[in-house]
Amino acid sequence: MAAERSIALRIRRQDGPESAPYWQGFRIPWKPQHNVLSALMEVRTNPVTTEGARVPAPAWEMSCLEEVCGSCAMVVNGRPAMGCTALVDKLTQPITLEPLAKFPVVRDLIVDRSRMFEALKRVRAWIPIDGTYDLGPGPRMAPDLQQQRYALDRCITCGLCLEVCPQVRQSGGFIGASAVGQALLMNLHPTGALNRDERLDALMGPGGIADCGNAQNCVEVCPKEIPLTDAIAEVGRQTTGKWFRDLLRR
Amino acid sequence: MGDAPRVIVVGGGLAGLMTTIRLAEAGMPVDLFSVVPVKRSHSVCAQGGINAAVNWKGEGDSPARHFEDTIYGGDFLANQPPVQAMCEAGPGIIFLLDRMGVPFNRTPEGLLDFRRFGGTLYHRTAFAGATTGQQLVYALDEQVRRHEAAGLVRKFEGWELCSVVIDELGRCRGITAMDMRRLEVQGFPASAVMLATGGPGIVFGKSTNSVVNTGSAAALAYQQGALYANGEFIQVHPTAIPGPDKLRLISESIRGEGGRMWVPRDGRPWYFLEEWYPAYGNLVPRDIATRAIFKVVFELGLGVDGQPMVYLDVSHLDAATLRRRVGGVLEIYEKFMGDDPTKVPMKIFPGMHYSMGGLWVDYEQMTNVPGLFASGECDYQFHGANRLGANSLLSCLYSGQIAGPAMARFAKCAPAEGAALCEREAKRQAEQYARVTRMDGPENAYQLAREMGGLMTENATVIRYNKKLQETDDRLRELKDRWGRIGISDRGRLANHEVSFVRQLWNMLELARVIALGALRRNESRGAHYKPEFPERDDVNFLKTTKARWSSDGPEITYEPVDVHLIKPRPRKYDVATATPAGSGGR
Numbered sequence: 172m173a174a175e176r177s178i179a180l181r182i183r184r185q186d187g188p189e190s191a192p193y194w195q196g197f198r199i200p201w202k203p204q205h206n207v208l209s210a211l212m213e214v215r216t217n218p219v220t221t222e223g224a225r226v227p228a229p230a231w232e233m234s235c236l237e238e239v240c241g242s243c244a245m246v247v248n249g250r251p252a253m254g255c256t257a258l259v260d261k262l263t264q265p266i267t268l269e270p271l272a273k274f275p276v277v278r279d280l281i282v283d284r285s286r287m288f289e290a291l292k293r294v295r296a297w298i299p300i301d302g303t304y305d306l307g308p309g310p311r312m313a314p315d316l317q318q319q320r321y322a323l324d325r326c327i328t329c330g331l332c333l334e335v336c337p338q339v340r341q342s343g344g345f346i347g348a349s350a351v352g353q354a355l356l357m358n359l360h361p362t363g364a365l366n367r368d369e370r371l372d373a374l375m376g377p378g379g380i381a382d383c384g385n386a387q388n389c390v391e392v393c394p395k396e397i398p399l400t401d402a403i404a405e406v407g408r409q410t411t412g413k414w415f416r417d418l419l420r421r
Numbered sequence: 116m117g118d119a120p121r122v123i124v125v126g127g128g129l130a131g132l133m134t135t136i137r138l139a140e141a142g143m144p145v146d147l148f149s150v151v152p153v154k155r156s157h158s159v160c161a162q163g164g165i166n167a168a169v170n171w172k173g174e175g176d177s178p179a180r181h182f183e184d185t186i187y188g189g190d191f192l193a194n195q196p197p198v199q200a201m202c203e204a205g206p207g208i209i210f211l212l213d214r215m216g217v218p219f220n221r222t223p224e225g226l227l228d229f230r231r232f233g234g235t236l237y238h239r240t241a242f243a244g245a246t247t248g249q250q251l252v253y254a255l256d257e258q259v260r261r262h263e264a265a266g267l268v269r270k271f272e273g274w275e276l277c278s279v280v281i282d283e284l285g286r287c288r289g290i291t292a293m294d295m296r297r298l299e300v301q302g303f304p305a306s307a308v309m310l311a312t313g314g315p316g317i318v319f320g321k322s323t324n325s326v327v328n329t330g331s332a333a334a335l336a337y338q339q340g341a342l343y344a345n346g347e348f349i350q351v352h353p354t355a356i357p358g359p360d361k362l363r364l365i366s367e368s369i370r371g372e373g374g375r376m377w378v379p380r381d382g383r384p385w386y387f388l389e390e391w392y393p394a395y396g397n398l399v400p401r402d403i404a405t406r407a408i409f410k411v412v413f414e415l416g417l418g419v420d421g422q423p424m425v426y427l428d429v430s431h432l433d434a435a436t437l438r439r440r441v442g443g444v445l446e447i448y449e450k451f452m453g454d455d456p457t458k459v460p461m462k463i464f465p466g467m468h469y470s471m472g473g474l475w476v477d478y479e480q481m482t483n484v485p486g487l488f489a490s491g492e493c494d495y496q497f498h499g500a501n502r503l504g505a506n507s508l509l510s511c512l513y514s515g516q517i518a519g520p521a522m523a524r525f526a527k528c529a530p531a532e533g534a535a536l537c538e539r540e541a542k543r544q545a546e547q548y549a550r551v552t553r554m555d556g557p558e559n560a561y562q563l564a565r566e567m568g569g570l571m572t573e574n575a576t577v578i579r580y581n582k583k584l585q586e587t588d589d590r591l592r593e594l595k596d597r598w599g600r601i602g603i604s605d606r607g608r609l610a611n612h613e614v615s616f617v618r619q620l621w622n623m624l625e626l627a628r629v630i631a632l633g634a635l636r637r638n639e640s641r642g643a644h645y646k647p648e649f650p651e652r653d654d655v656n657f658l659k660t661t662k663a664r665w666s667s668d669g670p671e672i673t674y675e676p677v678d679v680h681l682i683k684p685r686p687r688k689y690d691v692a693t694a695t696p697a698g699s700g701g702r
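Those sequence lines, one after another, are chains B and Y. Using the working numbering, read the first sequence as starting at 172 and increasing by one per residue. Using the working numbering, read the second sequence as starting at 116 and increasing by one per residue.
Everything labelled a hint here was simulated from the structure, so no lab data went into it. Take these hints with a grain of salt, some might be off.
As the list claims (entries may be wrong) - Cross-link-like lysine to aspartate or glutamate pairs, in silico, EDC-like; alpha carbons within 16 Å at most:
1) Y/Lys659 - Y/Asp690
2) B/Lys261 - Y/Glu449
3) Y/Lys542 - Y/Asp294
4) Y/Lys659 - Y/Glu639
5) B/Lys202 - Y/Glu390
6) Y/Lys172 - Y/Glu263
7) Y/Lys583 - Y/Glu573
8) Y/Lys595 - Y/Asp668
9) Y/Lys450 - B/Glu396
10) B/Lys413 - B/Asp368
11) Y/Lys450 - B/Asp260
12) Y/Lys270 - B/Glu289
13) Y/Lys688 - Y/Glu390
14) B/Lys292 - Y/Glu263
15) Y/Lys583 - Y/Asp678
16) B/Lys261 - Y/Asp454
17) Y/Lys662 - Y/Asp454
18) Y/Lys410 - Y/Glu390
19) Y/Lys450 - Y/Glu573
20) Y/Lys270 - Y/Asp294
21) Y/Lys172 - Y/Glu224
What the hints assert, rightly or not - Some residues of chain Y that are not near chain B, with every Cβ distance over 10 Å (derived):
22) Gly216
23) Asn559
24) Lys582
We put the CB at the ideal spot given by N, CA and C, even for glycine.
Could you put together the complete structure from these sequences and hints?
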């Protein structure tokens, strides 16, 4: 065993949205329990490349460090992953870090995921309550339904499901599995179901549910194990039902 | 700017989101600023649940008992009227969240389920698995998005507060903020401003907090004249998993569901909390549990494998039930430690978690600066000397709920036109920013932050000595000198986190001094503040709120009396059940 264990990182860097990407290597001393983010934090205390050049510290997004805020999605050793739960000792070195490819790069590992929040507006992912004044408890709900909704409500908007979807493009394409899951989350709620059709309408247009190619990559990559393909199938059934109802109404 | 008053909310966690919803509902246009997309705010990290005394388990619980537990748990340091009002509002808040679609766990009858938490003998905590904060943030985020789609809310995500704009009469007239991508400072006039910017965990280096919890925004307001209250009251959560980057929280709900804490002694498990505190057992308040662990590990030398670790054990409980009720916490332990807690006991140690102190506010959440409000962890209002578990989500939502209408009322009478003032201040802030980008000394800001964190964790958390606190303040002043010799490695003009961090670091150092000096002056032990040299609570001298006012020579500390007219202070102990609400019979 080498006298000094170390961790080698290779980072794909990009100074701005229009700049050309380039690679830099860094090496830090090994410590137990490192993950990709703690390793990056170590790098920034002394940002010197393996060639000995002092460079600006790499830029990346992070916040909670425990996979609940959704900030730190990136491509780790070629696979889209959350940086916080990517444990260094389980990765082959040098560990390569790249920004997600389906979103515009802002700088280094930071990408712009605002399309995901826009998608939540588009599918009207909210329960239209009358107001915040006290109107008593909400509707009763079976524990099974609660469990089904809870699983969908764990979506951290990280973007990994969009990253791996062949139908999602940097501009346009499929709205993505995450927004479909959120539409279902609302449609499953007794009050949310009252305007189910608004959400289904939003998913029946271009980029909607019909654009899903059933590659099933989303459900594989989801760090929160959300049953995304089931959600897409269920919303697919709901939109088909609505299509028939609309047809009969004409 | 037009004539209609605009208001600003800084911070998009639970307190900020609730304030925003209440303002929008009052028809008031809101500009909502957050350093991260609001859906990623630190409130998502809250795990175990939210308290409200609905008495749905037929135990005779009531808001009065909730109030009593909260005051007693906080060792009588909180002003009592706002705490009483919060506890009375609790059930309505839970029902509101339920209507917003929060997937709270249910009983077989389809009603909200409740579990036990620390510092109470009642099942009072509603929960959504063990990711309750996440589900609450999402429900409020959805409501804010609805108001955003309707045009009432403008979001500025990825913007950081630079300063509060204060006019010559000392009134708050807006803010300046920086777009963290394009690094441009802009002034934003407003008739009222809310700071809902969370706690200062990063002052302690490693904590259970998110990396955005620098306390920087509250520290900015403090340096501009807002009073900071009870800064020395820092909650250290008994159960966290130490890591190189943070101390990951293992929720108190684990014990609420029947988890037990133990260490091996003479070859057998010793359930030290159950032995020492028979009435509350594993569910004593956090300050008590944390000090017990310190005693077991450092005084008795009984840490697991000789390490600073004790066991938190759920392996005797039904695995399927645990998954349904605390799955999110088990998952964190599995992902980072590689063991399944339903099979082997978790190894845990206390970690800095929460600040009871924060910006001083009146009963409508306004700071001493007219027009500047604060709510959530960044105020000091509800938790006294120690916060009870599952009361923080409630205090965030309650303070936001009352602050929204209070801001709307204030805004209607406040002068609207402050554009010129804000523009001047923005120019000043841009110059200050430019000065930081040119810093080229030998020090690294992240390295200095590590030193500050280590110092604060060692001397200003669980056990405090006056000599160490004085040394801490001396070292903090040295660190402030060294701050002036920082060199910036990153001269990038886009998303430059380093320059931001250098500015935050200064603010953290200012706040660290408030915490250390507040602790130094308070010669007693109360709640989370414990001095072996002064082991008793001293109501004669210190049943008082600490107020720190910024001056160029350091914090000026004064005290004000606490309003205790509803529940008379009495000694606090958890080996026997002594809690009896005022004006009602015993259990």
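* Asked: Which earlier hints can't be squared with this structure?
  -> Numbers 1, 5, 6, 15, 17, 19, 22, 23 - these are the hints that the structure violates, sorted from lowest upward.
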